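**Q** 1 is the number of the first residue of the sequence shown in the UniProt record's numbering; add one for each residue after it.
Among the hints, erroneous ones may be present.
Claimed, not checked - Mimicking DSS-like on lysine-lysine, the simulated pairs with C-alpha atoms at most 27 Å apart in a straight line are:
| no. | residue 1 | residue 2 |
| --- | --- | --- |
| 1 | K265 | K245 |
| 2 | K245 | K207 |
| 3 | K262 | K207 |
| 4 | K102 | K167 |
| 5 | K146 | K207 |
| 6 | K245 | K262 |
| 7 | K356 | K102 |
| 8 | K146 | K167 |
| 9 | K245 | K143 |
| 10 | K356 | K143 |
| 11 | K143 | K167 |
| 12 | K207 | K356 |
Calculated directly from the structure, the hints in this document are not laboratory data.
Bear in mind the structure is a predicted one, so any value in this text is a computation, not a measurement.
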Amino acid sequence: MQTKMTTTKSKPWTLGILALLGALVWLNLSSNVQETRQATSYAASSQVETHVAPYERAVTAVMAGFVSDAASMPLHWIYNANELSNLVAGRDPAFFSPPASKYYDYPLGAQSPYGDEIVSLLQYLARTPGTFSPTDYATESYKAVKAYTGRLNGVFRDFIANVEAGKVYPDLASDHPDTQGLNKVPLLVARFAGQEDLVDIVRAAVKVHQRPQIAIEVAVAGAIILENIILHGSSPRDAIMSAEKDPRVDASVRDIIASVLKDVKSSSDVTAAIETYGKSCPLPGAFHGILFVLLSDGHLVSSVQKNIVAGGDNCGRSIYIGAVTAAASGEVPQAWTKTTTRYSEFYPLVVQLVAKNPSFESPSIHCTDTKCS
C-alpha cells in the first residue's frame with residue numbers, strides 16, 4: 001500500500017517565524033559552545049599533568065629542588081637591582097656563567113650553601129628504613145657540616161656551637177628565621193606524604209636547626225601544599241588555596257597566603273613584589289615571595305628565572321619553588337639536570353628515599369651509587 005504525500009504552501013509570516021526561531025537556536029548553541037570552550041580552557045590552565053604517578057612527582061620534586069638551587073647559585077645574594085640587571089643583560093639567568101655571587105666562589109653547577117645543607121637529610125632518609133628520629137638526624141647533620149668546606153649560614157654556625165657546647169635536641173636550634181626548614185620539605189614530603197604523622201615529622205625536622213615559630217609553621221604549610229600536589233595532582237594554585245583553609249596551617253600563615261592571593265589579583269610583577277616583601281633571607285618575607293612566584297607563574301623554568309632576577313636571597317626561595325612547580329609538571333629540563341654537578345649522585349638516593357614511602361605504588365627499581373635500573 002502506498003501512502004500519498006501531500007504538500008502545503010507555507011505563508012510568508014510562517015517562514016519568518018521559523019527563520020527567527022532557527023536563528024535563536026543557533027545563537028544559543030554558539031553561546032553554549034563558547035562557554036564550554038572557556039570552561040575547558042580554564043580547567044586546562046588550572047590542572048597539572050594527570051598521567052604522572054605520585055611516586056614520579058615525589059622524585060621529580062626533590063630533584064627539581066636541587067636543580068633549581070644550582071640554577072640560582074651563580075647570581076645568589078645580589079641585592080643591587082641595577083647591578084643584577086646589568087649582569088644578566090638579556091641572558092638566561094639560570095646557570096649564569098661565570099658565577100657572580102660575592103659571598104662565595106663555587107663552580108657552575110654546584111649547589112648553593114642552602115642546597116648543600118640538605119644533602120645530609122637526603123642521605124639520612126635514603127638509608128633509614130623506619131620512622132624519623134630528630135636526634136639521629138642531628139648527629140648526621142653535625143658530621144656533615146663539620147666536614148663541609150663551603151660557606152656556613154648563620155643557622156648552621158649556631159647549630160655547631162650548640163652541639164659543641166654539649167646541648168642536645170631540641171636545644172640545638174638557631175634563632176634565625178630563614179628558609180632552612182622550608183628547604184627540608186621536598187625531602188620530607190617525598191618520604192612521608194600520605195602518612196598521618198607527616199606534619200609532626202616536619203615540625204621535628206625543622207626544630208633540629210631552627211627555633212622560631214614562623215620557620216616551623218611555614219614548613220608545615222609548605223608540606224601540606226606539596227603533599228596535595230604529589231598525592232592528588234592539584235595545581236600549585238589549588239593546593240595553595242586549599243592550604244589557606246586547612247586547620248593544620250597556623251592562622252598567621254593562612255593570613256600570609258590570603259594576602260598574597262589578593263596581591264596577585266592586581267599584579268604579576270615578581271621583581272616588584274619581592275622588593276616589597278623583602279628579598280633578604282628571613283621569613284615571613286621570603287615565604288610571601290615564594291607564594292607570589294607560584295601563584296603568578298607556576299611553571300618551573302620561568303618561575304625560577306623570575307625568582308633569580310628578583311635578586312637577594314633567591315637560592316633561599318628557589319628550592320621550594322622548583323619542587324612545587326616540577327611536582328605539578330612532572331619534569332625537569334634535561335639541559336638543567338646535565339648542568340647540575342651532583343645530579344647523578346643525588347638521583348639514586350632520591351629513588352631509594354621515595355621507595356620507602358608506603359603511600360606510593362612505586363616500581364621495582366634497583367639503584368647503585370650512580371644509576372637506577
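**Q** Evaluate each hint against the coordinates.
**A** Status of the hints after comparison with the structure:
no.: 1; hint: K265 - K245; in the structure: holds, 19 Å
no.: 2; hint: K245 - K207; in the structure: holds, 25 Å
no.: 3; hint: K262 - K207; in the structure: violated, 31 Å
no.: 4; hint: K102 - K167; in the structure: violated, 34 Å
no.: 5; hint: K146 - K207; in the structure: holds, 19 Å
no.: 6; hint: K245 - K262; in the structure: holds, 15 Å
no.: 7; hint: K356 - K102; in the structure: violated, 40 Å
no.: 8; hint: K146 - K167; in the structure: holds, 16 Å
no.: 9; hint: K245 - K143; in the structure: violated, 40 Å
no.: 10; hint: K356 - K143; in the structure: holds, 24 Å
no.: 11; hint: K143 - K167; in the structure: holds, 15 Å
no.: 12; hint: K207 - K356; in the structure: holds, 23 Å
Checked against the numbered hints listed earlier, the structure breaks hints 3, 4, 7 and 9; every other hint is satisfied.
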